[in-house]
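K.L.:
Spelled out, the chains give:
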Amino acid sequence: MGKTLAEKILSKKSGNDARAGDIVIAEVDLVFVQDTTGPLTIRQFQASGLESLANPQKTALFIDHAVPSPNQALSNDHLFLRHFAGETGGFISDVGDGVCHQIVVESLARPGGVIVASDSHTVTAGGLGAFATGMGSSDVAVAMGLGKTWFRVPESIRIVTSGNFQKGVGAKDLILYLIGQIGADGATYKALEFSGDAVGALSMPGRFTIANMAVEAGAKVGLFPADETTRDYLVEQGRGDHYQPIFPDVDAVYEQAICIDVAELEPTLSKPHAVDNTAPVRELKGTKIQQVFIGTCTNGRLEDLAMAANILKGKKRHRETRLIVAPASRQVLLGAIKSGYIQSLVEAGAVVLPPGCGPCLGLHQGVLGDGEACLSTSNRNFKGRMGNPEAFVYLGSPATAAATALTGEITDPREVI
Amino acid sequence: MLKGRAFKFGDSISTDHIIPGRFACLRSNLPELAKHVLEDADPTFVSRVKGGDFIVAGNNFGLGSSREHAPLVIKMAGVSAILAKSVARIFFRNAINLGLPVLIFDTGEINDGDELEIDLVAGTVKDITNGKQFTFGRIPEVMLRILDEGGLIPYIQKHGDFKL
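Chains A and B supply the protein sequences, listed in that same order. Residues -16 to 400, numbered by the numbering used here, are exactly what the first sequence covers, in order. Residues 2 to 165, numbered by the numbering used here, are exactly what the second sequence covers, in order.
Heads up, a few of these hints could be off.
[Stated by the list, open to error] Pairs of lysine-lysine residues, derived as DSS-like cross-links and limited to a Cα-Cα distance of at most 30 Å, are as follows:
1. K159(B) <-> K(-5)(A)
2. K164(B) <-> K366(A)
3. K76(B) <-> K366(A)
4. K366(A) <-> K159(B)
5. K(-5)(A) <-> K164(B)
[Said to hold, decoys possible] Derived coverage of chain A by chain B (criterion: at least 3 residues anywhere in the stretch with Cβ under 8 Å from a Cβ of chain B; other residues may be distant):
6. 25 to 32
7. 42 to 55
8. 112 to 123
9. 162 to 175
10. 343 to 351
11. 361 to 371
These are computed hints drawn from the structure, not numbers from a lab. Source: prediction; values computed, not measured. Where a beta carbon is used, it is the ideal one built from N, C-alpha and C, also for glycine.
Given only the sequences and the hints, what does the whole structure look like? Please build it.
P.N.:
Printed below as a string of structure tokens:
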């Protein structure tokens, strides 16, 4: 009997014949924390009695959620992370480097690797075929000390895609549509495994966008095969030697298969206050939006900024709609400067934030006022998510976000491109 | 045997309801952070909950972020178990890792304020107020071993490794 991607990776990393439902102990190839979960993780590590990092070179601490720090308490949390990295030999990624998940896919994650981190969007690296999943501070602390963790091998749901996207429709619309279909708990404890012609044609940034939001359907991982596109990406990142092809077996067993013809998809968004509360963008046409945010581990990559810049070039944002852009990493920011995207966005009226999580989690930079609505390219729109429980967050693609910034109300990007 | 009152919540209570991102600056000051537990779902919860009480929720409790602070502030509020129709994956593991039992069954017939009695060994929840009794799903063996030691960190302190 063949194996799914999840079973293949966990078999190799546990040294067992791992099948859905089994409990395995797997070696981890990378373990990391970020600045809002890292301090508790370090305290749990220190309490555990584990004396040193199992693999300092495979342990990373990212300062990305509150950058630059907005207050004394968070500055002290940052000091704590830097001090721990200095003492233990862990790798520190500091203010301005970018969002942990973006740096992980640019520089650290490998196909077939196992990654655990105290951030739920760790699933992003599934886009290049890594079994990457979010855990809490205690689990991550123990993984830091032991270099391994336990997993229940997940059942897999296979998403079989076909067709070509319409112009103005892309990866974000696909994953929002899927979450709307199966619900925010539609894949709880399971792996989402993406396959089919449309996935083969997807760029790496598109795959990362989809894998990133697997957790919004409750999934443990969102896995893509590692194919020629993956290889080209790793070569481009200067680490072609990290490539190894990974595909599921043809006779692998899936809990279910869901077929999606992407040609039938429309620009899609999530309405407040649930990610699975989805609708076609055209149904929300005319809804006033006071802030548009383009960025995050979901949609802050160069391809996303290019999409927005191309729509906004030579035009101006609506005067009653603020436009905030946060590149996901230093590499993305430099690429966007070189390509002229930053110039187009700034001339269109955007404010550009330093690489980092920006307003996504409601900590600083673009907190909404009472009754205000934001159209965001991020991954969550729970009540209070962007810092104010009296505000409203809609989730959409970079194309929908840019079209909305132009008109000041929710706009189907097919109307402007 | 655990005894306490039910604090009823609906479906899809996210980690942002439990402890919003806007309080991230308090994450190294846990007593202050805990004052905001479940504030965006029920602002009166923190002033009413007493040691031993239970959270009784609907589907997908704890969805969202991996922040272990979410089950941590619930535990700090004195809650002795979470009862839900279903629970999100990361939250479930985090709660068990902190020694906080999560019991899965159809909680629909329990009302807010009901007095409950829970037998963790027998796997039963008795609603003293309405006289009904429920059986909850088995917690996976590996998690029971962690729960029995009071959580993952005490487990590792004792065993130094996974002995699963």
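K.L.:
Cut-off 8 Å, C-beta pairs, minimum 3 residues; does the coverage of the stretch 42 to 55 of chain A by chain B stand?
P.N.:
Holds: 4 residues of the stretch 42 to 55 of chain A have a Cβ under 8 Å from chain B.
K.L.:
For a C-alpha distance cap of 30 Å, please report whether K164(B) and K366(A) respect it.
P.N.:
40 Å, violated
K.L.:
Check, residue by residue, whether the stretch 25 to 32 of chain A contains three or more positions whose beta-carbon lies closer than 8 Å to a beta-carbon of chain B, and give the verdict.
P.N.:
holds (count 4)
K.L.:
When I compare C-beta atoms, does the stretch 361 to 371 of chain A have three or more residues closer than 8 Å to chain B?
P.N.:
With 7 residues closer than 8 Å to chain B, the stretch 361 to 371 of chain A meets the three-residue bar; holds.
K.L.:
Quickly compare the C-alpha distance for K(-5)(A) and K164(B) to 30 Å and report which way the hint goes.
P.N.:
Roughly 20 Å separates the two Cα atoms, so the pair holds.
K.L.:
Quick one: see if chain B covers the stretch 343 to 351 of chain A, three-plus residues with Cβ-Cβ under 8 Å.
P.N.:
Coverage by chain B holds for the stretch 343 to 351 of chain A (4 residues, Cβ < 8 Å).
K.L.:
Take the stretch 112 to 123 of chain A, compare each residue's beta carbon with every beta carbon of chain B, and decide whether three or more fall closer than 8 Å.
P.N.:
With 6 residues in contact (Cβ-Cβ under 8 Å with chain B), the coverage given for the stretch 112 to 123 of chain A holds.
K.L.:
Quickly compare the C-alpha distance for K366(A) and K159(B) to 30 Å and report which way the hint goes.
P.N.:
40 Å, violated
K.L.:
Just to make sure I understand the rule, a stretch counts as covered if three or more of its residues have a C-beta closer than 8 Å to a C-beta of the chain. Does the stretch 162 to 175 of chain A meet that for chain B?
P.N.:
holds (count 4)
K.L.:
Is the straight-line distance between the alpha-carbon of K76(B) and that of K366(A) 30 Å or less?
P.N.:
22 Å, holds
K.L.:
For the pair supplied as a hint, K159(B) and K(-5)(A), confirm whether the alpha-carbon distance does not exceed 30 Å.
P.N.:
29 Å, holds
Comparing the model with each earlier hint shows violations of hints 2, 4; every other hint is respected.
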